[in-house]
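Undergrad: The sequence shown begins at 2 in our numbering and counts up one residue at a time.
There may be inaccurate statements among the hints.
Derived DEER-like restraints, expressed as beta-carbon distance ranges [said to hold, decoys possible]:
hint: 1; residue 1: N127; residue 2: M105; range: 38 to 48 Å
hint: 2; residue 1: D89; residue 2: N127; range: 55 to 65 Å
hint: 3; residue 1: L70; residue 2: N127; range: 37 to 47 Å
hint: 4; residue 1: D103; residue 2: N127; range: 18 to 28 Å
Derived from the structure by calculation, the hints contain no laboratory data.
Note that the structure is a prediction, hence the values are computed from the model and not measured.
Every residue gets a Cβ at the ideal spot worked out from N, C-alpha and C, and that includes glycine.
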Amino acid sequence: MAANSRTTSPRTATSTPRRAAAPKSYEEATAAEAQEVEAAGHYVSAELCGVLLELVPASAWRHSTMRKLRQGFFDEFMEDVLSPESFDLYVEVDPTNDEFNDFMDRVNAIGEPVGKSSGPRPSPRNTRRR
């Protein structure tokens, strides 16, 4: 077998793959994540005040996003989970607390609720044979 440049050239420190540069700010990271999610088509739909919004499924929310929700930063939370177009609609709708709670109930009903797993399944064999 003939040798080629890939198999005969010595490895150097410059031939190792480099990591992509980290985003410089939170806004850039959010925009990059939003583009990634949008490209993958990883949105579900839920209705808020008669308007259909696209959002990331609850099972894919980051812990930092959940922290914003628990601390009451609703606009920042919604900016993280909604598509850019849907976030603009959310700002225009300006829901009440009751409307927001109803929306969150609908979102949690889509797919598996966050933090609630079914647990291990029982064995199909009830007793061990001797």
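Undergrad: For every hint, state whether the structure bears it out.
TA: Evaluation of the provided hints:
The hint said 38 to 48 Å for the Cβ distance between N127 and M105, and at roughly 41 Å that hint holds. The given range of 55 to 65 Å is respected by D89 and N127, whose C-beta atoms sit roughly 57 Å from each other. Look at L70 against N127: about 43 Å separates their beta carbons, and that is inside 37 to 47 Å. For the hinted restraint 18 to 28 Å between D103 and N127, the CB-CB distance of approximately 44 Å leaves it violated.
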